[in-house]
Amino acid sequence: MANKFKGLNGADVDFETTWKVLETAFKEIHTKNASALSFEELYRNAYKIVLKKKGEELYNNVAQFEANWLSGEVRNRVVKQLTAPLLLLTDGTGRSLATSAERRVAGESFLRALKESWEDHQVCMGMLTDVLMYMDRVYCTDHRQPSIFAKAMGLFRDQILRSPVRPESPDLIEVLTSIVLDQIQMHRDGERINSHLIKSNVYMLEGLYESDQEVEDEKLYLRLFEPYFLQTSAMFYREEGERLLKESDAGTYCKEAKRRIEEESDRCRSTLSEATTVKIQRVVEDELIRHKIKGLIEMDSGVQYMVDNDKLYELGLVFELEARVDARKTELTKAIQKIINEMGTEINNVAINTSQAPPTAPAAQDEHGDDKQKPGSTRQINQQTVAALKWVEDVLALKTRFDNIWKTAFASDQTVHTALERSMGEIINAFSRGSEYISLFIDENMKKGIRDKTEAEIDATLEQAITTVRYLQDKDIFETYYKKHLCKRLLLKKSQSIDVEKQMISRMKIELGNSFTLKLEAMFKDMTLSEELTSGYRKHVAQLGDADPKRVDLSVNVLTSMTWPLEAFRGASEDEREGRSNIIFPASIERIKSGFEQFYSKKHSGRKLTWQTNMGDADVKAHFPRSKNGRPMTHDINCSTYAMLILLLFNSLPTTTSLTLEEIQARTNIPENDLKRNLQSLAVAPKTRFLVKEPMSREINAGDRFTYNEGFSSKIIKIKVGVVSAGNKVEGDRERKETEKKNNDSRGFAIEAAVVRIMKQRKSLPHAQLLTETITQLSTQFKPDVNMIKKKIESLIEREYLERIEDAAVPSYKYLA
Amino acid sequence: MASSKAVQSFRNAAKDYLFNDRFSDFTIVCEDQEFKVHRCFICAQSKWFERCCSGIFEEGKTNRVHLREEHASVIANMISFMYTFDYNDSTSSDTFKSTSTEHTLPKGSSSSKHLTSPAPSNALQMNAWVYATAEKYEILDLKALALEKFKQHADVTNADDMLGAAWAVYKHISLLETDRQLHDTVRDMWLLGGKELIANIGPEALEDCFASIPKLMGELLTMLIGAFGGGAKTVRQFCKTCNYYELFTTSDVVSKEFVCSKCPSKEARESVRLTGQVAVKKFW
Chain B
1 MANKFKGLNG ADVDFETTWK VLETAFKEIH TKNASALSFE ELYRNAYKIV LKKKGEELYN
61 NVAQFEANWL SGEVRNRVVK QLTAPLLLLT DGTGRSLATS AERRVAGESF LRALKESWED
121 HQVCMGMLTD VLMYMDRVYC TDHRQPSIFA KAMGLFRDQI LRSPVRPESP DLIEVLTSIV
181 LDQIQMHRDG ERINSHLIKS NVYMLEGLYE SDQEVEDEKL YLRLFEPYFL QTSAMFYREE
241 GERLLKESDA GTYCKEAKRR IEEESDRCRS TLSEATTVKI QRVVEDELIR HKIKGLIEMD
301 SGVQYMVDND KLYELGLVFE LEARVDARKT ELTKAIQKII NEMGTEINNV AINTSQAPPT
361 APAAQDEHGD DKQKPGSTRQ INQQTVAALK WVEDVLALKT RFDNIWKTAF ASDQTVHTAL
421 ERSMGEIINA FSRGSEYISL FIDENMKKGI RDKTEAEIDA TLEQAITTVR YLQDKDIFET
481 YYKKHLCKRL LLKKSQSIDV EKQMISRMKI ELGNSFTLKL EAMFKDMTLS EELTSGYRKH
541 VAQLGDADPK RVDLSVNVLT SMTWPLEAFR GASEDEREGR SNIIFPASIE RIKSGFEQFY
601 SKKHSGRKLT WQTNMGDADV KAHFPRSKNG RPMTHDINCS TYAMLILLLF NSLPTTTSLT
661 LEEIQARTNI PENDLKRNLQ SLAVAPKTRF LVKEPMSREI NAGDRFTYNE GFSSKIIKIK
721 VGVVSAGNKV EGDRERKETE KKNNDSRGFA IEAAVVRIMK QRKSLPHAQL LTETITQLST
781 QFKPDVNMIK KKIESLIERE YLERIEDAAV PSYKYLA
Chain L
1001 MASSKAVQSF RNAAKDYLFN DRFSDFTIVC EDQEFKVHRC FICAQSKWFE RCCSGIFEEG
1061 KTNRVHLREE HASVIANMIS FMYTFDYNDS TSSDTFKSTS TEHTLPKGSS SSKHLTSPAP
1121 SNALQMNAWV YATAEKYEIL DLKALALEKF KQHADVTNAD DMLGAAWAVY KHISLLETDR
1181 QLHDTVRDMW LLGGKELIAN IGPEALEDCF ASIPKLMGEL LTMLIGAFGG GAKTVRQFCK
1241 TCNYYELFTT SDVVSKEFVC SKCPSKEARE SVRLTGQVAV KKFW
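Residue numbers (this note's numbering), protein chains in the order written: chain B, 1 to 817; chain L, 1001 to 1284.
Extracted from the complex, chain B is given alone in its bound form (with noise of 0.2 Å):
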């Protein structure tokens, strides 16, 4: 019983004889001739060997059989491929000994050679894997050796790429490098290379580490190919630049950056590895576009040029171009920014030259005796009053421009955007008057520009106006511009169309913020007011009854006062009228002006009107006897209040009577001023000489006379006196001095304002963080004056509003409730 399990020992082996077996059919394997070969032979040979621990000595002989293949068969196959041109490329003499089509055929036989030896030790190797796989799943893994098939690849490396071509020359991968780059070359020159071929060279080096460990960035391609190919390609780069620089202009030289940018990244597709796009990319970039886009665009043909010329295209391509290498896109914005600061200093630079020239032509016209009646200064003013429009237009006309620039060219970028901006603002803001021409640009639309126009046009109009106030700093000035102004429109009725200004309120609402419209509307608000209480006045008086034919009809704006900036009606340098109040008023007129006055603290008791007598204007129907060719004939004229008190004056003098300057002042009470104006127009002006002055000379003075002009003639009914500036002018320099004044005060209640709300709400604050809050929160209004601020400040102090902390390690305040 005891025998019956017996027998012979399990698979007994002997390393030699087995080993010889597997050597046999190794062989077979390298000659390609494998296919009589028994798998389940083979593997149960080396796995015996493994079972009896002889796994060690096996992998030794592996590799070693393979070492001696390679360096012995293999490696005379691929070196036999080397021509001496190609082995001396390496040290650059190569390229001169052969023509570059050589070069290129014999280079290809190389490759071929290589490609094939890889590819056949892939398969090979393969193999032995498979019938090794015991050895590698129980030695390798328990000995932390590389599979045998990594160590074989490490053969390749080490027998064929890293050992010398022949001795005393260098490594065969440094040959092999030096082919490819020079087959790169030959392509980039516009040659056609098999780029299969160097892509099948290139895979080899991407499945080949620097150690048997095959850790991932130890790639041979990105330690000893990559870095050469990258090297070489800056030097081509920088000299195909700095070529290209000297012999062509800006956008031929975009378009050849531009393609090839492309080209190397189709390279690295088709012949190289994807792996080296972005690396080839950044070389390409910083060679043709890093270093060189600053001298790009100030080439003669650079931005300047484009700009000048509409060049939209290369435009676009130089924005490209920088876009790829920088996100912010710095020197094209830069140059863009130069351009746009160039183009609009010049603008104001018209403007004030405009402004400031001195008004030759009225002098000649003058001399020439046309229209005569026209003071020079009001002719200089009308100029002006041009320019600013033309200086609105123009500034506009440049932001369109760039606009579509940034559009077309540069993508809708939003750096750029923000840098266009900046530079407009800079523009509008640099020329002091910016607030005001814009207000009268706004003006000359409201009266005049819209008539004839779509909604669609009104509509783009009021869009391009407001595109400039977004642009200005101190929009506390164009509010008080704009108050002005469409007080002006407002009272004398100029404005065209009532729904297109309150368009253009909510506009402003939108853009600049409710405090900014609210005394705009509420001038609106008393217009609308107003016009009831006249319709409500009139029916009142028909009421009455005593319906007297020839009572004078009065219609009435009650203004709110500190709302509408009531000293757009007068002159400069008048003083506040203490004798307003007094103008002597016809009996006929002051009959209504106190019946009005009655009507009106019936409905709202306790307000007191004040009656602006020289901003009226009034409808008189006026009787000369020799006017219509030495025939009577009835004219209406209309004119402003005070020149129909004069009227009126003479009308209840016998025709002869004659009276000075003073005796009408005396009888009036008109202020000075105003008089003599209105006995410009009524006496000087030939159109509307209902008077007769003398001595007739152009200026007013004391001691002249007047009396009714009997013989007055016009063929013209309807007579209109021009005497209160009739239009929005740019303002002379002594309004504008008055303006900045009063600016400077409100500015001065902002600040105050401002300072006491932060102080207010924070108690203490040191100076420095004071000035910047106070600067934040006028930042929407103004932008205010550092030594401004100061000085409020100081005054606060003074009124004990605020107090220094003493102590303080920085100057700081104390809010005082």
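Keep in mind the hints are simulated off the structure, nothing from the lab.
Model, not experiment: these values are computed from the prediction.
Every residue gets a Cβ at the ideal spot worked out from N, C-alpha and C, and that includes glycine.
Please note that the accuracy of each hint is not assured.
[Said to hold, decoys possible] Within a straight-line C-alpha distance of at most 30 Å, the following computed BS3-like cross-link-like pairs (lysine-lysine) qualify:
id, chain 1, residue 1, chain 2, residue 2
1, B, Lys763, B, Lys814
2, B, Lys151, L, Lys1061
3, B, Lys334, B, Lys390
4, B, Lys53, L, Lys1281
5, L, Lys1143, L, Lys1036
6, L, Lys1281, B, Lys52
[Unchecked claim] From the derived model, a few chain L residues whose C-beta atoms are all more than 10 Å from chain B:
id, residue
7, Ala1144
8, Tyr1244
9, Phe1258
[Stated by the list, open to error] Derived Cβ-Cβ restraints for the label pairs, each shown as a range:
id, chain 1, residue 1, chain 2, residue 2, range
10, B, Leu230, L, Phe1023, 48 to 58 Å
11, B, Thr24, L, Phe1010, 36 to 46 Å
12, B, Ser109, L, Phe1010, 49 to 59 Å
13, B, Thr24, L, Leu1221, 40 to 50 Å
Knowing the structure of chain B, use the given hints to seat chain L on it.
Then chain L, alone, in the frame of chain B:
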């Protein structure tokens, strides 16, 4: 995941293809048996067969592999596992032969009848062989299953089982030295069998076994001797004349001369009683 019901259906369906030459695209030859198999089944279970079938070696070209130095019954079980995730480890009933489609090669036509080890003759041996085969052809699930079955089948007092297991595992089957799961199990079985096992085997067969398989004997001894602690022991000294004994420590025995307390004799014989514990992994 498929439901367990679906998995069960698939298993049942797969079972139908075992030893069925329908769609068969590969042949495994072993001894005088020819098994018609399906590459998708065998390659799914074994990396070895995958490489065998796909390579450009002879097997890949002819769609036929001759497994030399294997027992047909073991290979049949391996194939059975590949289709059914189980196999029948009984050696008597010849389950695989009852199915119709494997072919018996004409005697002598198989050129390589040079197996050196006897075919498995009981379930324990069969499982040990399947275990080794699973290792060789890299079917790790089968290896685990075989070990499981091997442990289940151990009747530690059965002399045939224990001897058979010892021969198969220690002598006939080749495994890596580090792969000791079968060996440890056999050794522990022997220890567990104890006196009864030795009695059942009989002295002659035991001697033969230990002479032929010194490795097993060595391992058993190592376990046994290792069970006792060394160092100072309590020693009994028996008087050679009156058989009276006294207890001493070993050091006392060395330094003192023996004088019997009952009689004048100065001659003594000594003995030591040892008790120890052997830790045996639970496999049953």
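So, going through the hints one by one against the coordinates:
1. Taken as a hint, the B/Lys763 and B/Lys814 pair is honoured in the structure, with Cα atoms around 6 Å apart against an allowance of 30 Å.
2. A hinted pair counts as satisfied when its Cα atoms are at most 30 Å apart, and B/Lys151 with L/Lys1061 qualifies at roughly 28 Å.
3. Note on B/Lys334 and B/Lys390: the hinted pairing holds, with a Cα-Cα distance of about 27 Å set against a maximum of 30 Å.
4. The straight-line distance between the Cα atoms of B/Lys53 and L/Lys1281 is roughly 27 Å, inside the 30 Å bound, and the hint therefore holds.
5. Between L/Lys1143 and L/Lys1036, the direct Cα distance comes to roughly 23 Å. Compliance with the 30 Å bound is thereby established for this hinted pair.
6. For the suggested pair L/Lys1281 and B/Lys52, the alpha carbons sit about 27 Å apart, so the restraint of at most 30 Å is met.
7. At the 10 Å boundary, the C-beta of L/Ala1144 stays outside the reach of chain B, the nearest C-beta of that chain being 17 Å off.
8. Chain B leaves L/Tyr1244 outside its interface by the beta-carbon criterion, the shortest separation being 46 Å against a cut-off of 10 Å.
9. No beta-carbon of chain B is positioned within 10 Å of the beta-carbon of L/Phe1258; the least distance is around 46 Å.
10. With their beta carbons about 56 Å apart, B/Leu230 and L/Phe1023 fall inside the hinted range of 48 to 58 Å.
11. Evaluation of the 36 to 46 Å hint for B/Thr24 and L/Phe1010 yields a pass: the beta carbon distance comes to about 45 Å.
12. Between B/Ser109 and L/Phe1010, the C-beta spacing of about 56 Å keeps the proposed range 49 to 59 Å intact.
13. Between B/Thr24 and L/Leu1221 the CB atoms are about 45 Å apart, so this pair conforms to the stated range of 40 to 50 Å.
In the structure shown, no violation is registered for any of the earlier numbered hints.
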